[in-house]
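Asker: So the protein lines, in turn, are chains A and B. For the first sequence, position 197 (counting from the first letter as 1) is numbered 208 according to the working numbering, and the numbering increases by one without interruption. For the second sequence, position 349 (counting from the first letter as 1) is numbered 360 according to the working numbering, and the numbering increases by one without interruption.
Keep in mind the hints are simulated off the structure, nothing from the lab. Remember, predicted model here, so these are calculated numbers, not experimental data. Please note that a few of the clues may not be correct.
Note that identical chains are pooled: a pair holds if it fits in a single copy or bridges any two copies.
[Stated by the list, open to error] Taking lysine-lysine pairs in the BS3-like style, the calculated list, with each CA pair at most 25 Å apart, reads:
(1) LYS562 / LYS407
(2) LYS450 / LYS554
(3) LYS450 / LYS562
(4) LYS562 / LYS217
2 protein chains.
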Amino acid sequence: MTPPKLTRAALERHLPILTWTKTYGRDTLTSDLVAAVIVTIMLIPQSLAYALLAGLPAEMGLYASILPLVAYAIFGTSRVLAVGPVAVVSLMTAAAVGNMALQGTAEYAAAAITLAFLSGLILVVMGLFRLGFLANFLSHPVIAGFITASGILIATSQLKHIFGVEAEGHNLIELVSSLVSHLGQTNIITMIIGVATVAFLFWVRKGLKPLLMSAGLKPRMADIVAKAGPVAAVAVTTIAVWLFNLGERGVKIVGEVPTGLPPLTMPSWDLDMWGTLFVSALLISVIGFVESVSVAQTLAAKRRQRIVPDQELVGLGASNIAAAISGGYPVTGGFARSVVNFDAGAETPAAGAFTAVGIALAALLLTPLLFFLPKATLAATIIVAVLSLVDFSILKKTWGYSRVDFTAVAATILLTLGFGVEVGVSAGVMLSIGLFLYKTSRPHVAEVGLVPGTQHFRNINRHEVETRPSLVTLRIDENLYFANARFLEDYVTDRVICDEPITDVVLMCSAVNEIDMSALESLEAVMHRLSDMGIRLHLSEVKGPVMDRLKRSHFLDELTGEVFLSQFDAWAALGNPPAREAS
Amino acid sequence: MTPPKLTRAALERHLPILTWTKTYGRDTLTSDLVAAVIVTIMLIPQSLAYALLAGLPAEMGLYASILPLVAYAIFGTSRVLAVGPVAVVSLMTAAAVGNMALQGTAEYAAAAITLAFLSGLILVVMGLFRLGFLANFLSHPVIAGFITASGILIATSQLKHIFGVEAEGHNLIELVSSLVSHLGQTNIITMIIGVATVAFLFWVRKGLKPLLMSAGLKPRMADIVAKAGPVAAVAVTTIAVWLFNLGERGVKIVGEVPTGLPPLTMPSWDLDMWGTLFVSALLISVIGFVESVSVAQTLAAKRRQRIVPDQELVGLGASNIAAAISGGYPVTGGFARSVVNFDAGAETPAAGAFTAVGIALAALLLTPLLFFLPKATLAATIIVAVLSLVDFSILKKTWGYSRVDFTAVAATILLTLGFGVEVGVSAGVMLSIGLFLYKTSRPHVAEVGLVPGTQHFRNINRHEVETRPSLVTLRIDENLYFANARFLEDYVTDRVICDEPITDVVLMCSAVNEIDMSALESLEAVMHRLSDMGIRLHLSEVKGPVMDRLKRSHFLDELTGEVFLSQFDAWAALGNPPAREAS
Numbered sequence: 012m013t014p015p016k017l018t019r020a021a022l023e024r025h026l027p028i029l030t031w032t033k034t035y036g037r038d039t040l041t042s043d044l045v046a047a048v049i050v051t052i053m054l055i056p057q058s059l060a061y062a063l064l065a066g067l068p069a070e071m072g073l074y075a076s077i078l079p080l081v082a083y084a085i086f087g088t089s090r091v092l093a094v095g096p097v098a099v100v101s102l103m104t105a106a107a108v109g110n111m112a113l114q115g116t117a118e119y120a121a122a123a124i125t126l127a128f129l130s131g132l133i134l135v136v137m138g139l140f141r142l143g144f145l146a147n148f149l150s151h152p153v154i155a156g157f158i159t160a161s162g163i164l165i166a167t168s169q170l171k172h173i174f175g176v177e178a179e180g181h182n183l184i185e186l187v188s189s190l191v192s193h194l195g196q197t198n199i200i201t202m203i204i205g206v207a208t209v210a211f212l213f214w215v216r217k218g219l220k221p222l223l224m225s226a227g228l229k230p231r232m233a234d235i236v237a238k239a240g241p242v243a244a245v246a247v248t249t250i251a252v253w254l255f256n257l258g259e260r261g262v263k264i265v266g267e268v269p270t271g272l273p274p275l276t277m278p279s280w281d282l283d284m285w286g287t288l289f290v291s292a293l294l295i296s297v298i299g300f301v302e303s304v305s306v307a308q309t310l311a312a313k314r315r316q317r318i319v320p321d322q323e324l325v326g327l328g329a330s331n332i333a334a335a336i337s338g339g340y341p342v343t344g345g346f347a348r349s350v351v352n353f354d355a356g357a358e359t360p361a362a363g364a365f366t367a368v369g370i371a372l373a374a375l376l377l378t379p380l381l382f383f384l385p386k387a388t389l390a391a392t393i394i395v396a397v398l399s400l401v402d403f404s405i406l407k408k409t410w411g412y413s414r415v416d417f418t419a420v421a422a423t424i425l426l427t428l429g430f431g432v433e434v435g436v437s438a439g440v441m442l443s444i445g446l447f448l449y450k451t452s453r454p455h456v457a458e459v460g461l462v463p464g465t466q467h468f469r470n471i472n473r474h475e476v477e478t479r480p481s482l483v484t485l486r487i488d489e490n491l492y493f494a495n496a497r498f499l500e501d502y503v504t505d506r507v508i509c510d511e512p513i514t515d516v517v518l519m520c521s522a523v524n525e526i527d528m529s530a531l532e533s534l535e536a537v538m539h540r541l542s543d544m545g546i547r548l549h550l551s552e553v554k555g556p557v558m559d560r561l562k563r564s565h566f567l568d569e570l571t572g573e574v575f576l577s578q579f580d581a582w583a584a585l586g587n588p589p590a591r592e593a594s
Numbered sequence: 012m013t014p015p016k017l018t019r020a021a022l023e024r025h026l027p028i029l030t031w032t033k034t035y036g037r038d039t040l041t042s043d044l045v046a047a048v049i050v051t052i053m054l055i056p057q058s059l060a061y062a063l064l065a066g067l068p069a070e071m072g073l074y075a076s077i078l079p080l081v082a083y084a085i086f087g088t089s090r091v092l093a094v095g096p097v098a099v100v101s102l103m104t105a106a107a108v109g110n111m112a113l114q115g116t117a118e119y120a121a122a123a124i125t126l127a128f129l130s131g132l133i134l135v136v137m138g139l140f141r142l143g144f145l146a147n148f149l150s151h152p153v154i155a156g157f158i159t160a161s162g163i164l165i166a167t168s169q170l171k172h173i174f175g176v177e178a179e180g181h182n183l184i185e186l187v188s189s190l191v192s193h194l195g196q197t198n199i200i201t202m203i204i205g206v207a208t209v210a211f212l213f214w215v216r217k218g219l220k221p222l223l224m225s226a227g228l229k230p231r232m233a234d235i236v237a238k239a240g241p242v243a244a245v246a247v248t249t250i251a252v253w254l255f256n257l258g259e260r261g262v263k264i265v266g267e268v269p270t271g272l273p274p275l276t277m278p279s280w281d282l283d284m285w286g287t288l289f290v291s292a293l294l295i296s297v298i299g300f301v302e303s304v305s306v307a308q309t310l311a312a313k314r315r316q317r318i319v320p321d322q323e324l325v326g327l328g329a330s331n332i333a334a335a336i337s338g339g340y341p342v343t344g345g346f347a348r349s350v351v352n353f354d355a356g357a358e359t360p361a362a363g364a365f366t367a368v369g370i371a372l373a374a375l376l377l378t379p380l381l382f383f384l385p386k387a388t389l390a391a392t393i394i395v396a397v398l399s400l401v402d403f404s405i406l407k408k409t410w411g412y413s414r415v416d417f418t419a420v421a422a423t424i425l426l427t428l429g430f431g432v433e434v435g436v437s438a439g440v441m442l443s444i445g446l447f448l449y450k451t452s453r454p455h456v457a458e459v460g461l462v463p464g465t466q467h468f469r470n471i472n473r474h475e476v477e478t479r480p481s482l483v484t485l486r487i488d489e490n491l492y493f494a495n496a497r498f499l500e501d502y503v504t505d506r507v508i509c510d511e512p513i514t515d516v517v518l519m520c521s522a523v524n525e526i527d528m529s530a531l532e533s534l535e536a537v538m539h540r541l542s543d544m545g546i547r548l549h550l551s552e553v554k555g556p557v558m559d560r561l562k563r564s565h566f567l568d569e570l571t572g573e574v575f576l577s578q579f580d581a582w583a584a585l586g587n588p589p590a591r592e593a594s
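Let the sequences and hints guide you as you build the complete structure.
Answerer: Pasting the structure below:
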């Protein structure tokens, strides 16, 4: 059953921009412009930093923050989602492209562009063919574990910039050992800049807001001003490097960033490269979509607005294709920036388009100023941003709630840290599915008896109930399908095989929403085996849709017993079993 | 919940032979001996033929029919399962080993031995760690489709022997095109032998039994005599080739078969080879186990005997390891032979051990007689045997019953025919799992209302029921888990977002057997979003185990509404909603 559809024209469904532009007015424009200014200030240092994290030139971070935002404004359904480079996707880009080319080469950048294109293509196809359900295979605990482990990996990967040393690695062990072996070459000035920036940014997060509020700012305004912390850090450290000529004393700087609007680029059409990048692109698409749609839905609900997940796929896909043709790399909706956009009062996706204009102006005018920007500053902004992603409480929550979920999240964290993002998230998905199938493959089956004086049937092991030696009633608390069909066969056969007086077995199906072909054949096998032992098989409380389907098979014609509407009917009818010969 | 355990000693559980030997007597011995003679007569031509199918020398078929049978008699739990080479596993062996070495080489045979060892190891490990549930991932329709397609592939692959030409291929297209391109080289005498044998064997199947019965034999005896048809064909065609010296006129013959008991062999310890063969060994293990345990259970139920699936894994694993150390190749329980064994009156696994003695005698005494046996005769026995596996009725059955199952079976058949056994069965498994997750990811959700004058709630779209504008009740007919958590979020949010008077949403959970962490977080998200809209979320009819788990989380503390024991309680309590301000 699909959710109720709104009756808009197909065109508006595929181009959400047609909806909100109809009522666009001066007030909306003002709100959107204010939000755009604030998000732009936040996005400039972030886009440079995440490009660094992805192993790409700084300008590609800016390019990824221009056209993709415009594309999302046209195709996306969220009013406030702020699209652009984000930490986790940048790390995944580095992991995917790092297998194919060396950082700093033209091949590396070309592969990142192709990755964005592929990822966009996958998202658009998923949207048009309504394959958004594929994202469901990522369970919440797996995502939470993956994000936490990614945060740790990202922060660790940035420590080299803080110490001003070389270090490489795609997992925690490689990163840490590479870092430790190079610590002797630490550049003291770089380290001072890096550590001071980290400390400053943490203070901005925790200490600045109270200070601003005591100076008379309103809480919301204080919040927004605090978001400008990274810009201040960028400005101060850049000026320091320029003033004291620190670049010549070993402080790594961003260097020349080309001035101008994004170039027109094309993805590679090399099918071998597509093959190599496909799985990475799929993972990036799905992770990006899941993270993005979740924040979009949460923010939309606050204003009783509606998100269309399949159209969101198209919107994010269009953004990534836009990134690929304008020198960018994979993007998605960012959590922190979207919340800022929402809090700053953005009312329509136009705010995103205005942000794009802001970043374009930065690319045109500000890039010469970035020459002396130390990489340590960017690394510090990344570290402070991603440490807020690290949250081990999911381990405690799942431990208390469900060991299966705990296993999935613990494995995802360990595998991501130990073997990198792609192994971690793939293993998490497979483990979630495997554990779910395992769980449902051994369903809860209760043997039930009549609660005296009522028409209710309860577990014989938990309640004082009436039973009869000739009658076994099994309540199956699970859908019957291939993964538990054999279990049912074994269970029923085992229950009756050594118990001579039994003449009737009733399967109580009140919690069975589905009987697939495998389970149907297992039921047939059980029926024939019971029949060989002189036992009849009955069903009770079969749900309507399940019964409709059973009627389309031959099972009911061959059934040795009956189908009872209620378990009490079965109890009453089988109360005086006909005299039968032993088989 | 595990099935009730019998209280036998652990030793007897792991060595079932200790159980049945305790009561072994003269009557049992006679029955077992008779069955063993009949199965031996059936097994001699089959073991030679299946070795040919696997691309192995004929004697390896005999070797695979000696020690493995003894091993199963010690470790297996079925009284009547006839272990040995079977058609589908032989084809899978050819597919797996054919990637690694050329047929006829020592490497090819060594790889087959290693495959048997690996497969045995996998089965034993699955048995000891109770991983038999892994076999559940093969749904019945996928197996049925796979067996049908394999039968077609096998029969087609044997046509080259009937025509006496060379042809190769691992899928139907390769096989047919290779065959057609070589048809010009058909050896007429070979073809006459082959076609005549096929015709004779079909007649034996269909026409001989009525003839024998009209000659006064009892039906069961007539059946058993008819099983000797292949032996007669082998004898007659071998004598014909010898008499008329047909070997020199291009009829391919088996040639020299070494005389003697099986040699002691060892698998390769090359870990690279293990890596290459692992997936094939896993597929062979699982397919072999599933086919074998199913026939074992069906036959056991007819005599009220019990099969222990986990111990069956150990039994089949021991058989394969035995095959590996005695010059054999992968084996499993054969369907047709087991039924013959059962019908012939086998009472204990000793019948299998006696069959092993029979085959050992054949290997010692009869191999010189096999020199002139034409390969066309063996191919004919294979073709006639496997065509009984081909059964397209599963397509019709699933089409009527469930399109999801139909899709899985159709894809398995097409992919097996088009890309070979390994691709076919792997794709079938993945498709079954994917389709199941897809199905449960879009669960049936019904909006329900009160049937007037009762306490029952029914779907508002199907029944005349009472509803209230302020109250929405959704009955969820599925477990809530990661694959449908997002669906639930979307569904509930969509339902209420444009419907202003709603103040209360009740989720009716009578068919929900499980709420995993993802679904719990989705419920929390839904609750918060509803709360932002001024709507309370309630639950009703939550099952005991689900409630126990919810109590271990914070969800119930934060729940904006209540948990009602019955839906009617919810209806009554929410009948006069308190005056609320719009949000």
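Asker: Give a verdict on every hint.
Answerer: These are the hints, each one checked on the structure:
In this assembly of identical chains, the alpha carbons of LYS562 and LYS407 lie at most 25 Å apart only when taken from different copies (15 Å versus 47 Å within one copy). With identical chains, the CA atoms of LYS450 and LYS554 are at most 25 Å apart both within one copy (23 Å) and between copies (17 Å). Taking the shortest Cα distances, LYS450 and LYS562 sit within 25 Å of each other only across copies (20 Å), while inside one copy they are farther apart (29 Å). Within a single copy, LYS562 and LYS217 get their C-alpha atoms no closer than 65 Å, and across copies no closer than 34 Å, so neither meets the 25 Å cut-off.
Comparing the model with each numbered hint stated earlier shows that hint 4 is the single one that does not hold.
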